[in-house]
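Line order of the protein sequences matches chains A and B. At position 166 of the first sequence (counting the first as 1) the number is 166 in this note's numbering, and the numbers step up by one without a gap. At position 221 of the second sequence (counting the first as 1) the number is 221 in this note's numbering, and the numbers step up by one without a gap.
What the hints contain is simulated information worked out from the structure, not anything from laboratory work. Values in this document were obtained by computation on a predicted structure and should not be read as measured data. Glycine is no exception: its CB is placed at the ideal position from the N, C-alpha and C atoms. Don't take every hint at face value.
A few chain B residues that don't get close to chain A, going by computed Cβ distances all over 10 Å [unchecked claim]: (1) S40; (2) L43; (3) T55; (4) V58; (5) G161; (6) T178; (7) S190; (8) F232; (9) P336.
Quick list of in silico lysine to aspartate or glutamate cross-link-like pairs, EDC-like style, CA-CA up to 20 Å [unchecked claim]: (10) B:K184 to A:D125; (11) B:K198 to A:D141; (12) A:K221 to B:E339; (13) B:K184 to A:E82; (14) A:K73 to A:E130; (15) B:K184 to A:E130.
Next come the chains, spelled out residue by residue.
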Amino acid sequence: MERQGYVTDRAVATAVHLATTLGKPLLVEGHPGVGKTEIAKVLATVLQGDLIRLQCYEGLDATTALYEWNYPKQLLHIRLEEHGERPLAAREADIFSERFLLKRPLLQAITHQGRPPVLLIDEVDRADEEFEAFLLEVLSDFQVTIPEIGTVRAAARPAVVLTSNRARDLSDALRRRCLYLWIDYPPLDKELRIVRTRVPGIAERLAREVTTFIHALRRMKLAKVPGVAESLDWAQALVALHASHLDEELVRETLGCFLKDEEDLRTVTARLDAGELAALSSPL
Amino acid sequence: MSLAAADLVEHTARFCRRLRSEGLRLGPGDTLDAARALESVDLVDREDVRLGLRTALVKRVEDIPLFEELFERFWGGGAPVPRNPLVIPPDAEDDREKRGAASSRRRTGSDRQSVEEISVPAPSAREALGQQDFASFGDEELRAVTALARRIARRLRARPGRRWRHARRGGQLSLRRTMREAMKTGGELSTLSYRERKLRRTRLVVLADVSGSMDLYARLLLQFLYALQNAFSSVETFVFATRLSRVTEELRAPGYREALGGLSARVQDWSGGTRIGESLSAFLEGWPRLVDRRTVVVVLSDGWETGNPEVLGQALASLRRRAGRLVWLNPLLGSPGYEPLTKGMQAALPHLDVFAPANDLASLEQLARHLSL
Chain A
1 MERQGYVTDR AVATAVHLAT TLGKPLLVEG HPGVGKTEIA KVLATVLQGD LIRLQCYEGL
61 DATTALYEWN YPKQLLHIRL EEHGERPLAA READIFSERF LLKRPLLQAI THQGRPPVLL
121 IDEVDRADEE FEAFLLEVLS DFQVTIPEIG TVRAAARPAV VLTSNRARDL SDALRRRCLY
181 LWIDYPPLDK ELRIVRTRVP GIAERLAREV TTFIHALRRM KLAKVPGVAE SLDWAQALVA
241 LHASHLDEEL VRETLGCFLK DEEDLRTVTA RLDAGELAAL SSPL
Chain B
1 MSLAAADLVE HTARFCRRLR SEGLRLGPGD TLDAARALES VDLVDREDVR LGLRTALVKR
61 VEDIPLFEEL FERFWGGGAP VPRNPLVIPP DAEDDREKRG AASSRRRTGS DRQSVEEISV
121 PAPSAREALG QQDFASFGDE ELRAVTALAR RIARRLRARP GRRWRHARRG GQLSLRRTMR
181 EAMKTGGELS TLSYRERKLR RTRLVVLADV SGSMDLYARL LLQFLYALQN AFSSVETFVF
241 ATRLSRVTEE LRAPGYREAL GGLSARVQDW SGGTRIGESL SAFLEGWPRL VDRRTVVVVL
301 SDGWETGNPE VLGQALASLR RRAGRLVWLN PLLGSPGYEP LTKGMQAALP HLDVFAPAND
361 LASLEQLARH LSL
């Protein structure tokens, strides 16, 4: 995984290893921006499979997650065949064939040919409970029944990664079906490695100051705690500005890279006004 | 299977039993997973064994500390226990015992009572079982509060959501259904079907503190609860001091005075001490189905907890997990210089979505903002 630019630790590596060897879905929980989604992407690269992503949201239902018939195309087809000689049954079989099926992510993952894909079910906590129940069904045997076509079974079981921000408690049934991984904010040295790996060309001093500063922010009580994603965004922005170290003006100009809440902006600006930049960005 | 491997499976199974006895919910499938996990890690490496078992057996981050502790005890010393991902107080274990004891006590206590009222183990010496006279309410005040409750109810009313449902007429053309219908006539479109957005409804659960320390505000708040109950049908109202009572039906009475009559008859401990945590736990146990993601839970209290603040924290944490939003209204928050320093408030704060004042009409007016999901 390290080779793919994902700085990892043993807990993550073990979880991913077990998920692939035991063939069970992996449920990844953690704060926003700690690299949950990234795990699936890296896994896809490592396994050399395609990544199929299902982004969950409230109100997500089977037609957007599994399949839907392509109605406009069907209608058109009916019109074209209207004066044809073929019997009704043949025409009907026609328009309910795979050509007219819109495969949504779950069905794509099941019917995928070639190397088993990686199915990422992102932010599953945002979908409703009914969808969770439906998901359980699909995850347990990787087969779906489409009334007009029949039962479709997965040729090769996809590797499944589910992520959750804990916006809602997931059911025990779903948890039981999965292996579990909790990702916390990384310790300073690990985050420093992440920044160095993902933002090539960053000055060593700048990388150190950025990560220390972000770590100091995480200890403050902020509404939206900056994650690793924010550290990276900020580091990238600073590199683009050709910065080699942090100074107060630069921090003020780029606050928006890692603070996403007005209240937080005010809190941090107040700390800067009090001349605490040095305290926040130098190692303890 | 070699002798050592058989031993290992046996040992793993015992470890799972141990975890189960400590409250982790594990099925036989999990034991199997654990054994399979051990097959694919480096058994000589303790760290590998620990992480492998943890991945297979722990299903939520809250359980990680317990796992680590038991792993240490069960698989013998060695490397130090790594730090836990979530800060959990060191006395987590006693706490669990206490909780277990409390809930069993509660269960036996409530068996003989009606479902409507769950009593919480008996309380402080100053539980004043007096009844209060509510007859002296100004009509002017009542009208103002009623108008306010109507405005709030309007904001809570059902709105179109994301999901679709079949509609008789109007709305959008539903191609899916229209196609289905057309199949019956060999592809000829004879009827059109429509769809519309499903309405999303917000429900409201109000848990109001009527203990002694809330006396000053009780008048205003009761009027408000009454008016709200009558303006908006999906409200459930509970009051508590040392015990919890459901007063939804009482508040639905046609007149305010009748409602008050019903209330005084039902609620026995007006102005007694406060056991917020236990009352909330009683609510969770007695009416578990009332709260879902479409529900806003409002707790009205000044946070003077005479019970155990930890119980309060736990009850709020589990309320928050289930509810769409958890709002705490504190009448004291309106007064200048007030800081929520009581133990109860301190235990509650980390779990709240909204913490707002409720000392006059203006602050209640603000409430509307927090109530629509």
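So, going through the hints one by one against the coordinates:
no.: 1; hint: S40; verdict: violated, 4 Å
no.: 2; hint: L43; verdict: holds, 13 Å
no.: 3; hint: T55; verdict: violated, 5 Å
no.: 4; hint: V58; verdict: violated, 6 Å
no.: 5; hint: G161; verdict: violated, 7 Å
no.: 6; hint: T178; verdict: violated, 8 Å
no.: 7; hint: S190; verdict: holds, 13 Å
no.: 8; hint: F232; verdict: holds, 23 Å
no.: 9; hint: P336; verdict: holds, 21 Å
no.: 10; hint: B:K184 to A:D125; verdict: violated, 40 Å
no.: 11; hint: B:K198 to A:D141; verdict: violated, 31 Å
no.: 12; hint: A:K221 to B:E339; verdict: holds, 17 Å
no.: 13; hint: B:K184 to A:E82; verdict: holds, 15 Å
no.: 14; hint: A:K73 to A:E130; verdict: violated, 30 Å
no.: 15; hint: B:K184 to A:E130; verdict: violated, 31 Å
Hint check: violations occur at hints 1, 3, 4, 5, 6, 10, 11, 14 and 15; the rest are consistent with the structure.
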